[in-house]
Each structure stands twice: as C-alpha cells, then as structure tokens.
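Colleague: Here is what each chain is made of, one letter per residue.
Protein chains: 2
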Amino acid sequence: MADPVFERLALIGVGLIGSSVARIARSRGDIARVVVANARTEATLNRVADLGIADLTEIDPARAVEDADCVMLCAPVGAYAALAQQIAPHLMPGAIVTDVGSTKQSVIRDIGPFLPQGTHFVPAHPMAGTEFSGPDAGFIELFQGRWCLLTPPTGTDDRAVSKIRTLWERCGATVSIMDAAHHDRVVAIVSHLPHLIAFTICGTADDLADETRQEVLRFAASGFRDFTRIAASDPVMWRDIFLNNRDALLEMLARFTEDAQAMARAVRWGDTTYIEDKVLRGRKIRQALIDLNQA
Amino acid sequence: MADPVFERLALIGVGLIGSSVARIARSRGDIARVVVANARTEATLNRVADLGIADLTEIDPARAVEDADCVMLCAPVGAYAALAQQIAPHLMPGAIVTDVGSTKQSVIRDIGPFLPQGTHFVPAHPMAGTEFSGPDAGFIELFQGRWCLLTPPTGTDDRAVSKIRTLWERCGATVSIMDAAHHDRVVAIVSHLPHLIAFTICGTADDLADETRQEVLRFAASGFRDFTRIAASDPVMWRDIFLNNRDALLEMLARFTEDAQAMARAVRWGDTTYIEDKVLRGRKIRQALIDLNQA
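Going down the list, the sequences are from chains V and E.
The first sequence maps to residues 1 to 295 in UniProt numbering.
The second sequence maps to residues 1 to 295 in UniProt numbering.
Bound-form chain V, shown alone:
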C-alpha cells in the first residue's frame, strides 16, 4: 500500500461529503493515518463514533485541527468565515487547508485572509451528492467517476495542490484545476440554477388552489418528479450556495428568464419553428452528455 497522503486529517463537518471522505480514508488507509471528525453537536459526534467512521471526535474546531497536516472544511459555505477565524491560530506550520464547498470565489474571500503564513490553501469542489445529508448519508462510492475541481489561487504551493489532488484521486474522483471565477459560472448553470428552478417550481405547485395541488401530487408525471428529486436537498447548504454565488447565479437566471420569455412568446404566437428548434437543442445537449458518458 502507498504511504498515506496525510498523517492527520481533520474533517470540520461530517455530513454527506465529510462522512464519505471519513469512510474512504478509514477503509483505504492511504489517505490519512488518523481521521479526526468535528461537528457542531455532540449528537452528531456520538453518531460518528457509533458508525466507527473516524479515529477521534472533537466538538471544538480549534482543538480538532491541532497537529493536523490537512484540515478539510465540510460545512455549509456560509459557516466558513467564522470557522476559519476559529481554527487559524491553531493550525500547525505547513498545514494544508482545503474545503468541499460548491462556491469557490466566496471560499477564497472568506478563508484566505485568516490563514497564517506557512500554511497552504487549496480550495476544492467534489461534484457529487445525493438528496440526503448527515453522517449516515455518506458512502464509500460517492466520488467514484465524479469530478473534483480544484481552484488554487495564483502562487499556491505546488506540493500542497498535488497532495489534495492525490487525496481526491484516491477517493475515486477525476481532478481538474480551474480558475475560481470560471468555476463559479460553470456551476451556476450546471447545478445552482437547476436547483433554484426546482425549489421554485415546487413552491409554485404548492401555491395552487387546494384541489389542483392534491392532483399535482397524485399525477406527478416524470417531469415534475425529476424536479422534486433535485429539490429534496439541504436548506442551509443551498441557502449558503445561492448567497455565495450570487452574481453568477443571478446572471444565469436572468439569461434563463429571457429565454423562457422568448419561449412563452413563441407558444403564444404559434411560432412552431422556434419551439421545435429549442426542443432539438435540448436533444443535442443530451446527446453530447451521453457521448461524454455523463448521462
């Protein structure tokens, strides 16, 4: 077996992502010699202990990061600034701080300023998830065949980037490095806007007159059902994502709304060519995804 990438990995947050990393690290042995789990409540840490997915549990984030050569923030991104402030004075020299947040410019803005000289910061975004959350939701295969995007700021230590890359590759992900601003635009359209739309349409249905609403639930065709699958996600996590990728998300929503209005106009005036063209473009994108093995 290869040597572990890290001696001591501190996971700040053990929800779906954090607990999956913990499970993988414990089962493989080549990611970290010791896994420390931190969570906001004793109840969560007791559950982590019961599940046996960490070597140590610690309720105080400042103590959890002591002696850790890698600290991975796995909390909702809105909590990052306060967490960074808490843990920064306790980081050991040379420690690598990384995260798993879905927004990257905000993470660099919120964490970067607190980190002491001599520590390294490698923001990461494993693109994997389910609609479930909490320490019970994690599983070893979560990252298999999925992307993990790293967005290290200019000047980040190459060795630190390389170690985080190895960690995620050992978790089963394919790693790609990109600029944080570019990352935020891409995820705004592929993930954040679809979630905003899914949450919204569920609310629109819920606002219908009571008789119709009951039948919406009864007759949910595949279209609506797929939307609710997306919509069944963690409220705090998504609130933080929306607020922390605001500019890109609002731009993509504005583009989408213009396009939806153009489609509405085509429906109103019977512009058959326009409608068919849009449906065909949907098929084309679908086919491209299938060709890229993403569908």
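Keep in mind that the hints are not guaranteed to be accurate.
[As the list claims (entries may be wrong)] Listed next, the in silico EDC-like pairs over lysine to aspartate or glutamate satisfying Cα-Cα at most 16 Å (straight line):
hint : chain 1 : residue 1 : chain 2 : residue 2
1    : V       : K284      : E       : D226
2    : E       : K163      : E       : E7
3    : E       : K284      : V       : E169
[What the hints assert, rightly or not] Ranges between beta-carbon positions, derived for each pair:
hint : chain 1 : residue 1 : chain 2 : residue 2 : range
4    : V       : R159      : E       : A209      : 28 to 36 Å
5    : E       : G112      : V       : T174      : 52 to 60 Å
6    : V       : E258      : E       : D179      : 34 to 42 Å
7    : V       : T174      : E       : G134      : 34 to 42 Å
8    : E       : R265      : V       : D50       : 41 to 49 Å
9    : E       : D277      : V       : P116      : 35 to 43 Å
Note that these hints are calculated values from the structure, not bench results.
Beta carbons: idealized from backbone N, C-alpha and C, even for Gly.
Assemble the complex: chain V is given as a structure, and chain E must be docked to it using the hints.
Modeller: For chain E alone, kept in the frame of chain V given last:
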C-alpha cells in the same frame, strides 16, 4: 381469459404509446381480437410488420378505421383535426374513438365536431413515457402502475367510457375520470411546464461562450443532467402539446416566473428566511410524493 374488449382496434400512429398498446394487445389477447396499425410512412409500417406487433398494417387512415369498433389516435395532438376529418366518414356505426394525447380540451375541440352521430368519443391520456420515440421504443410494461386520465365530455355513453377504462386497466394503468379543463391545468404544472423549462435551460447553456459550454458538458452535475433527461424528447410531439395547452401553460409559466423573480430578489438582498422556506417547501412536496408512492 376474458373476452376481448374490442373486435378490431385501429391504432392511428405507432410511436412509443401506440406500439406499446399494440404489444400489450397482441400479448394479452383480451384487449382486441385484431390490431390494425396505421402510420404516415411505409418505412414505419414495415418496421411494425418486422416487429410483429400488429395483425395488419394500413397506410391510409381512412381504410385503417374500416370495421374497427375502436379507433385510438396515437399521433402528435397537432395532427388530430386533419386525421379526424379523414377518418370520420369511414367509422362504423357504434365505433368508439379515443386518443392518447397530453392535452384534452384541444382534442375535444379538434376531433369532436367531425364525429358522426352514433359513434362515441372518449378522450384519454395515459401518463407514461420515456425520452424515446418510434415503434421500437414501445414495451409491454410502459403503463404498469401509471395513471390514465379519461376526460369524456358530458353526455358521453357510459358503456363506451367503461370499455376504454377496461382497455387501460388491462394495459396496467389506474384510471381516473376528470374534467378536460381541469386536466389541462394539472398537466400544465406537473408535466408541460417542467418540459418547457428543461428545453429552455438546455438552450441557455448552449448559448454560453464556447469555453464555458464545453465545461458545462464536462461537469454537468446531477441537477443539469436530470434536466437534459427530460429535454431529450420528441420535438413535434412537444411543439404540439405546448401549442394545444397554450393558456394553461402560459398561466403556469407566469406564476413560476413571478416566483423565480421573488427568489432572485431574495438572493440579491440576502433574505435567508425566504430562501430556506422555499427549499423546505420543495422537500415537503418531495416527501408528499414519496408518501403517495410516486417518487
């Protein structure tokens, strides 16, 4: 085995739905003694013959309906008025005309006026589908456990309604009867609007600058991927559905757009409570669907 519901069933169109009904009728034997398939092209009919899913094939719809005690329109709803005009003079006395279209007021408007005295009209909407189309796409299990909604106009012969109900129950569906206008509003929100949104967001992504578009395809997270699954549907069928459920669809889109703008405003101004509330409502609807066994 029970007696067949019909002596001779004429399917006008043998795409996903029509060819599934044909397969079921041939395999069960208690739906129709003879299945006649009609399509617009000889190529499709040759394929139907090769697949062995009909007893007879006939390129002329007027001849296909001769001696049929049940005629089922399985073409895109935009073709119904012309088809009704063609077949009406050739319907046998007492024949039941039915259909499988996703819009019901338009179908009653387009078919009703052409049908001669002494024939019956029972509009139907089996709520089942996949993203595939054509005679090869059909399969025997398509309607198992799915809803089929009947919207017979006031005064429709009870025996005719009962026979169409039996046909769909033998296809595996659960039948419910409702008013056509109510039907159109329900499907506008559960199916037509989600499809319009899915087609639109694929176009929005396709319009992005080339570099971003490539990465959209590369990194399509589960959100976007689910949308493209919906979007990979038949362009003519969906064009016709949008145009023939225009009023209900535009109303639901207007409601959705208002709600999306309210969400955008909450994101812009950091209204955390509003955002969390919307995400929680999505979860609630999701849970209601699970409780109803639709998820």
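Colleague: If a hint holds in the structure, say so; if it does not, say that too.
Modeller: Evaluation of the provided hints:
no., hint, in the structure
1, K284(V) with D226(E), "15 Å, holds"
2, K163(E) with E7(E), "12 Å, holds"
3, K284(E) with E169(V), "36 Å, violated"
4, R159(V) with A209(E): 28 to 36 Å, "34 Å, holds"
5, G112(E) with T174(V): 52 to 60 Å, "57 Å, holds"
6, E258(V) with D179(E): 34 to 42 Å, "35 Å, holds"
7, T174(V) with G134(E): 34 to 42 Å, "35 Å, holds"
8, R265(E) with D50(V): 41 to 49 Å, "43 Å, holds"
9, D277(E) with P116(V): 35 to 43 Å, "39 Å, holds"
In this structure, only the earlier hint numbered 3 is contradicted, and the remaining ones agree with it.
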